[in-house]
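Visitor: Chain by chain, the residues run as shown.
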Amino acid sequence: MNIILKVSGVFLAVLVLLQIWVSHTMITQGSNLKRIEDLERQLSQENLILENEIATTAAFLNIATASASLGFSVPKTVQYIR
Amino acid sequence: MRIGFIKLLFLLLLFGIMTRLFYWQVVRADELKAMAEGQHFENLQIPATRGDIKTSDGFSLATSRPNFLLYALPKTLTEQEKKDLATILAKLLSLGEKEYEETLKKEFSEKIAQNLYWVSLVKSLNFDMKNRINSLKLKGIGFSETSSRFYPEGSSSAQLLGFVGSNQRGEDTGYFGLEGFYNGELKGVAGNIRQERDALGLPIIFGQLLGTFKKDGKGLQTNIDRSVQFIVEQTLKRDVEKYGAKAASAIVMDPETGAILAMASYPSYDPANFTKYPKEYYRNPVVADSYEPGSTFKVLVMAAAINEDLVEPDTKCDNCSGPISLGGFNIRTWNNQYKDSITMTETIIHSDNTGMVFAGKKLGIDKLYSYLENFGMGSNTNIDLQDESSADMRPKKEWKEIDLATASFGQGILVTPIQMIRAVATIANGGKLVEPQIAKIIEGDNSNFEIKPKVVREVIRSDTAKILTEMMVKAVDEGEAKFAKPKGFKIAGKTGTAQIPIAGHYDANKTIASFVGFAPADNPKFIMLVRFDQPSSSIFGAETAAPTFFTIAKQLFTYFKITPSE
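Heads up: the protein sequence lines correspond to chains Y and G, in order.
With positions in the first sequence counted from 1, the corresponding number in our numbering is that position plus 1171.
With positions in the second sequence counted from 1, the corresponding number in our numbering is that position plus 302.
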């Protein structure tokens, strides 16, 4: 009976110490969390900006202007191979 | 005595302490609790990102772009720091323009000099500029993220898309077009989070996190074909100038499903800077403007007469040798030429008004009215655009013989372009009235909602549709617009030139010129309506709208890989 009580007491003490250690360690991780949050936001914004740039470059209006400057034009006649 | 005095003193002190504790713990308890929570918790408003509007191939026609509001905290700065901040910011934001730099410097100095905790400096900074300012690690400034609508194809399809503005509460709201119709789906729901913070203002990992997270708006994939839209826009833009028209619009639709493949109108506006344009430009004329359709309407009246077995393609008109006098008016043909015993097919080919009066009389007011209602006249098509509005049809009891006669050739009746193309699509698809649809899929986080094609009703029999198709093919091959037709392709179509009623009478020089048709006639891939408002180079649809129709059609044949069949 005494042994069980002793083991339980030790286990409880270890748990309390562990909880104190974890709390004290993690309490200082707020800055890391903030840094990760900021980084996530920054990367999302960058992705959105890049998507917009790709869309602008791939827009037909842009392609038509670029192709016209390179000498391409709409075909006047189309030959059908039968 | 002394002991008694000391006791009293202690009692008074005890009472004082208890009174003070009562004051803090009870009287000001709520206020102090709120202050403590304000220090421990931070409330974050996280705006939702508005959903994209995409073409059928997934290309974004309207998307979101991050913007930033630059603000200053004047109370945290000394006088010297305020001056330095105004100078640095003005230099950066003026991009080397000396005069502008001075203006900005003055503006910033005045704003920062105010005895305020928070003051807005620049409302819409782009991402690069925000990063440049941020890298300087200036004291007493901050950024808050906002977003604005971005249109990669520029002002393309502005009236189709609509725009995003602020409502009375300052919230982003869609107006007109798709932005207005699907605002509920596109806008999303902003997040409101309450997060526990430490003494340095940093989040506590095991702290409390309450509230709701943001829910971004749903995306919208449309039936709009990017290539078809581009072809239509470019051709229409060029031809509206070529024909000196006041306005123009064009629609391309899949006649089988009602899917709108392209829709364009001129004059247009830039949805990103909509405030710089007249408000009249915001409404989409394709769904909001009613006009008298003129001769394009003849195919519908003829379809009704044939469907009722009242006339056949070879039926001859017995009253078409000259102008028809009716109710004090003389009804003439467009070229004042008359052919006795003209057949119904020839009536459509040569767009003969007298032949149409003959067919209209055969139908009578009751049957014609019923068919017009079934073709969707006088009621909205339920297209998914916010600005749809259609003119009511005059009540049947008010119709007189002259109304029946003029309606038979498309005058004295009002339709919208979307009503007109949908009605003619019944001929292209074998008799079914379909619901025009722009959106194809509403894209959610976990699942997509597909909008299925909808058949409203059957208006004419399939054999009637075939007869009308052949009549329309002949109208293209032998009619006034045959010079512009691409060789080898079987196209069904009809021109229209409707005079515009101005101050109670029709002005012969001001017309709505239009052309409606579909191709290939035997198995239509698309139906298209082109409409010019008051063209000045020619008033006739055969010389303006029809050539534009065929120019677009030629490009669509190549795009859809349709080869000549004749």
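Derived by calculation from the structure, the hints in this document are not laboratory data.
A hint or two may mislead.
Below, computed lysine-lysine pairings styled on BS3-like, alpha-carbon distance capped at 30 Å [stated by the list, open to error]: (1) G/Lys384 - Y/Lys1205; (2) G/Lys407 - G/Lys432; (3) Y/Lys1247 - G/Lys516; (4) G/Lys432 - Y/Lys1205; (5) Y/Lys1205 - G/Lys335; (6) G/Lys539 - Y/Lys1247; (7) G/Lys407 - Y/Lys1205; (8) Y/Lys1247 - G/Lys863; (9) Y/Lys1205 - G/Lys539; (10) G/Lys425 - Y/Lys1247.
Computed from a predicted structure; not experimentally measured.
Visitor: Each hint: holds or not?
Guide: Hints and how they fare:
no. : hint                 : verdict
1   : G/Lys384 - Y/Lys1205 : 28 Å, holds
2   : G/Lys407 - G/Lys432  : 18 Å, holds
3   : Y/Lys1247 - G/Lys516 : 52 Å, violated
4   : G/Lys432 - Y/Lys1205 : 19 Å, holds
5   : Y/Lys1205 - G/Lys335 : 26 Å, holds
6   : G/Lys539 - Y/Lys1247 : 19 Å, holds
7   : G/Lys407 - Y/Lys1205 : 33 Å, violated
8   : Y/Lys1247 - G/Lys863 : 16 Å, holds
9   : Y/Lys1205 - G/Lys539 : 51 Å, violated
10  : G/Lys425 - Y/Lys1247 : 49 Å, violated
Hints 3, 7, 9, 10 from the earlier list are contradicted by this structure; the remaining hints agree with it.
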